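Working from the sequences, and respecting the hints, build out all of it.
Chains as they are written, first to last, in my numbering: chain L, 46 to 408; chain H, 46 to 408.
Any given hint might turn out to be false.
Note that identical chains are pooled: a pair holds if it fits in a single copy or bridges any two copies.
Said to hold, decoys possible - No more than 25 Å apart at the CA atoms, straight line, and that leaves these computed lysine to any residue pairs for SDA-like:
| no. | residue 1 | residue 2 |
| --- | --- | --- |
| 1 | K205 | P141 |
| 2 | K284 | R384 |
| 3 | K315 | N370 |
| 4 | K284 | P372 |
| 5 | K62 | L406 |
| 6 | K89 | Y200 |
Since the hints were made in silico from the structure, they are not lab data.
Computed from a predicted structure; not experimentally measured.
There are 2 protein chains.
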Amino acid sequence: MLYRNEKFTSLWENKSKPYPQINIIDQTLLPFVFSIIKLDSSDKAIESIKNMNLRGAPLIGVAGAYAVYFAVLESKSHKDERILREKIKEISEARPTAVNLEWAVNKTFDYSQTFSGIDAQINAALECSRAIRQDEINNSLNIGLNGVEFIEDIYSRTCKPVNILTHCNAGWLATIDYGTALAPIYVAQERNIPVRLWIDETRPRNQGSKLTAWEAYHQKLDYKLISDNAGGQLMRDGKIDMVIVGADRIASNGDVANKVGTYLKALAAKDNDIPFYVAAPKSTFDFNIESGNDIIIETRSDSEIFYIDAFINGEYSKVPIALENSPTENIGFDVTPSRLVSNIITEYGNIYPNAQDITKLLK
Amino acid sequence: MLYRNEKFTSLWENKSKPYPQINIIDQTLLPFVFSIIKLDSSDKAIESIKNMNLRGAPLIGVAGAYAVYFAVLESKSHKDERILREKIKEISEARPTAVNLEWAVNKTFDYSQTFSGIDAQINAALECSRAIRQDEINNSLNIGLNGVEFIEDIYSRTCKPVNILTHCNAGWLATIDYGTALAPIYVAQERNIPVRLWIDETRPRNQGSKLTAWEAYHQKLDYKLISDNAGGQLMRDGKIDMVIVGADRIASNGDVANKVGTYLKALAAKDNDIPFYVAAPKSTFDFNIESGNDIIIETRSDSEIFYIDAFINGEYSKVPIALENSPTENIGFDVTPSRLVSNIITEYGNIYPNAQDITKLLK
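Shown next, in the form of structure tokens:
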């Protein structure tokens, strides 16, 4: 998608010879600083995953695959299989909660090991990483093509700009291109359907006001940035036509775990007869989990509540914004029961959130 | 209530002779700096209302009454009735949305003018200000005594600490003592009923994390500070027993306008069968307004979304936390329909939120 009118993805190969390296956008510095980080080793890739220079489950998976490629490449010099296998394990564990990471790492490494000879293995790891990256792009585009139907439907009835509320960042920065929740909106824009995106700030990490607003601004979307508290009244006032959010994990019955605050918007949408959509690739579904009640909710650092990353004199500083050392309970996610979800938008089609329909389309 | 184990109210007379002056706590500096401002003239009182050194409708009303007393006192020197009446008007208009302000100003000035002779008028204005202040304290205490019944009821059934969620600041800083939403909690504490207060941060102005957390800390309450987004999941997890909030305006049918975000918590309470209480004095009811749909929602400065008051090197600075100059829609309040409100706690008793019961008790 666009940054200063130039096309970008969140991770791409550069032209270094003989072995390509990768570039990423440093997401910890957005929206105030646009900086590209070159990843040319497995250690650098691991570090960038750990430091959250890149985030979003699909993007983390792709970065993990390329990290495996670097690890295989590095084994050409050290020639020590034990070191290589330890490095693969280290990549897998760089972020504990990202399911995609382990999957992509294993897939890339296992595929490379089906070849004999180091050069063939390097090449196989590189090709596998490229394929995973391309798959993510295709998934996002297909989610966009499936989800845009709901936007087109409203537009065909109202002939007015379609007002869409989103929470957190589920755009191209979280995937490779397009995104999940934002993909239908970008496709609508390509089709000249007028949309206005309402972006929740998304406390406490402000992924909405920092990342989604940045995407929207550079994509020249019509957008509004709002506090997380405002969405309910905006729905009461008839200013929102639909809600689209991403998902971190979806249970077999269609219950959705997503960034904390999602559930409150789903309740408000229901109370105002506004459709509430969840956009997520198949990899987000966890068929080992029956309902949302079984999803474990991650608790994060208290300091996210007391301090905020503010941009002062050209750099980021953590500054206090609340009574420090107050006891907190900083849960990162919440669960939206499937009864509040109108449809789940996937790369395979749109599904009603119930066990039967989910199984039929995806299993 | 308590600050460093010493009893305080939010506004009190000092012992200056021959005419008492008043002291207030500078609420713009909390929680990082505790500073007392001496108000000794009508201009200083007006300035402190305008700059939000004090806030909360009941407190603004009391400060307005004392400002009238200063204005009458000043007229002893300048002896110009025109100047006096202009000053009274200026006090009335220091904050346009606070209904209590105009009411308290008119009451104090009108009462003083029933006396003849400047010394009698000064004395009357002072006595009237004192009475208004004492009435606010009594109202808060009575709200506390009425509301504590709901807390006691839960405690008698569970014999476990009662977990109460609140939004924004409706404590003693917003009134003179006790507060509205917090009054039942402070009364429960006095009666040794174990309570835990869950405090919403309350973006964008963070009155929860700055003011309510400060009150709770110094009152030695068991409390937790949370992001506005977290309350829904905490209710799903069974961690909240009841919600108590204040109100800015209540329509004849019981619809409640309060700090933006209140409606979302009311929805979550309903979805989880948790009682949702609104605590407010009679002066908050607007019998000229039939339903919440007729309440005009104030839109505030965009900059509240982009910047935050952070405490850096011993002073407050506005620091950027989002993509600056993004379009926003910063509504300050929302409306919670009466169907989501279990009871309204007033100084006259607890009322079911419907036109008939409200009229019967209050009109």
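Going through the hints against the structure:
no. : hint        : verdict
1   : K205 - P141 : neither (44 Å within a copy, 35 Å between copies)
2   : K284 - R384 : both (23 Å within a copy, 22 Å between copies)
3   : K315 - N370 : neither (37 Å within a copy, 32 Å between copies)
4   : K284 - P372 : between (36 Å within a copy, 15 Å between copies)
5   : K62 - L406  : neither (43 Å within a copy, 83 Å between copies)
6   : K89 - Y200  : neither (46 Å within a copy, 55 Å between copies)
Figure legend: structure checked against the earlier numbered hints; hints not met, in rising order: 1, 3, 5, 6.
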